[in-house]
Amino acid sequence: MVKTTTIELISKKEFELIRITKDILKAVEESGIQNGVVFAITAHTTTGILVNESLACLEVDIEKKLEELVPTFDSYNHNHFLPSYGAIGCNAPGHLKSMLCGNHAVFPIVDGHVVCGNAQDVYFGEFDGIQRRKVYITVMGE
Amino acid sequence: MVIDVHVHPTGYPQVAQDPESRAFRDRVYQRRTEDALSAPIAMTGKPSGGNGGGNKNFDVLFTRMDHEGIDRFVLLPLDLTTRYGGWIVSNDEIEQIVAAAPDRFIGFASVDPYRPDALEVLEHAFKDQKLAGLKLHPSKQAFYPDDPMMEPIYKKCLEYNKPIMFHSGMSCEPDCLVKYARPVHVEEVAVKYPELRICLAHFGWPWATETAMLCLKYPNIYTDTAAVPMDSPEVFFRHIFTREWGPTWFEHNFADKVMYGSNSPRNHTHGIEKLEMRPDTRAKLMGGNALKWLGMEVK
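Here the protein sequences line up with chains G and B, keeping their order. According to this note's numbering, the first sequence is numbered sequentially starting from 1. According to this note's numbering, the second sequence is numbered sequentially starting from 1001.
Check each hint, because a few of them may be wrong.
In silico lysine-lysine, PhoX-like type, Cα no more than 25 Å apart, as pairs [to be verified]:
1. G:12 <-> G:22
2. G:3 <-> G:22
3. B:1156 <-> B:1127
4. B:1155 <-> B:1130
5. G:134 <-> G:26
6. G:12 <-> G:64
7. G:12 <-> B:1130
8. B:1274 <-> G:65
9. B:1274 <-> B:1217
10. G:13 <-> B:1274
11. G:64 <-> B:1192
12. B:1156 <-> B:1130
Just so you know, the hints here were simulated from the structure itself, not pulled from any lab data. Note that the coordinates shown come from a computational prediction; the quantities given were computed from them, not determined experimentally.
Chain G with its partners taken away, still in its complex shape (with noise of 0.2 Å):
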């Protein structure tokens, strides 16, 4: 059985990390699926799915190292005028720091719980808002 859930977020900054373990564990407990696996993926290009642990120290220093390998200002090849947007293109730093954090995460199911470390949650990343955003949620399993 496979059950895809759809969650909705807005963005209050230009990075962010927002939490979605709970939305994740209620979508298995909703599924009704007691074991398989559980993905959560991002359906954007400027963002990532990212699994760590939830410390608000932690999370200053991922901003910081993303921002020290993708700089919001550099020279970037995507800062150009794109006809079909009406606009340019400047948000090349969103597009490399999603490559680098990766557009999901996978836990398995068992016994009807996700089983993950104690020190791991999910946070979608937020590396282009402020945006309305979405992430499935796919549970698959029996």
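Keeping the supplied structure of chain G fixed, place chain B upon it in accordance with the hints.
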């Protein structure tokens, strides 16, 4: 107060939800509907062809405005009745949007100068709908600003003390000849109607120097920063403000003439923030000049 004087509300709920209205914009901008639907959501307005994703409310928009520190948006419609048989955004839609959040929006009118009832439309917009100014797009509406047929429209704006926002310079839209929007075509208007407050949008790019000449020469001519960058906003604005214009031109000559306008403030404000200027000049750029141009200045 921070005012963005150049916003196209095509992605707003009062506009974007209507399938007929969306189809009209797709036709005018020669886009396939499936392309339009897959275009990025116009949270804060895009160049006027944008259809956006059809936002249901203003939650994202207001969050972004607050994040960018923008108090008010000036919303621009466009009447293309005689050339295309409709409006990109109508005066009625602008009136509805402003009514939904009068503390965040300042609504402008538009009128197709070729329509026989142009003056009636404008009279209704100013007198009944209380719209705050007039948006004209010489390229898309295919007229020269110094055409004598425009004079009754300018007189109507003067009668109601309303400013005019002229699209000026390049437009990337189809069926949109740039020749109509050359800044110098507004010179005669500025001479004949010295009390008429005029904005030549987008720096009149690529005629930014011509725009500078007109701003220097005529007290009633302003410009805005809603130019479409071809590289990052910070690189583009540094180029405009310090290379296309001499490095001291802005602060020494045009501190009272340039208004913050974005088309869409996403990313645009970064380019403005990176420019070095005195705090009082920045305050004028970000809102003080707009209050003066809009006729809302508290004296």
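Given pair status - residue 1130 of chain B, residue 1156 of chain B, alpha carbons within 25 Å: Holds, at about 14 Å.
Distance restraint between residue 13 of chain G and residue 1274 of chain B, which requires alpha-carbon spacing of 25 Å or less: Cα-Cα ~19 Å, so holds.
Pairwise hint evaluation, residue 64 of chain G against residue 12 of chain G, where the allowed Cα distance is 25 Å at most: 18 Å, holds
Proposed proximity, residue 1217 of chain B with residue 1274 of chain B (alpha carbon, max 25 Å): 28 Å, violated
25 Å limit on alpha-carbon distance, applied to hinted pair residue 64 of chain G and residue 1192 of chain B: Distance ~57 Å between residue 64 of chain G and residue 1192 of chain B Cα, so the pair is violated.
Hinted pair residue 1155 of chain B and residue 1130 of chain B, Cα distance within 25 Å: 17 Å, holds
Given hint residue 22 of chain G paired with residue 3 of chain G - CA-CA distance at most 25 Å: 17 Å, holds
Pairwise hint evaluation, residue 26 of chain G against residue 134 of chain G, where the allowed Cα distance is 25 Å at most: 16 Å, holds
Straight-line alpha-carbon gap residue 12 of chain G to residue 1130 of chain B, limit 25 Å: Violated: residue 12 of chain G and residue 1130 of chain B sit about 33 Å apart, past 25 Å.
Restraint status (C-alpha distance of residue 12 of chain G to residue 22 of chain G at most 25 Å): Within the cut-off at roughly 19 Å; holds.
Given pair status - residue 1127 of chain B, residue 1156 of chain B, alpha carbons within 25 Å: Holds. Residue 1156 of chain B to residue 1127 of chain B sits at ~11 Å (cutoff 25 Å).
Hinted pair residue 1274 of chain B and residue 65 of chain G, Cα distance within 25 Å: Within the cut-off at roughly 23 Å; holds.
Of the numbered hints stated above, those contradicted by the structure are hints 7, 9 and 11, listed in ascending order.
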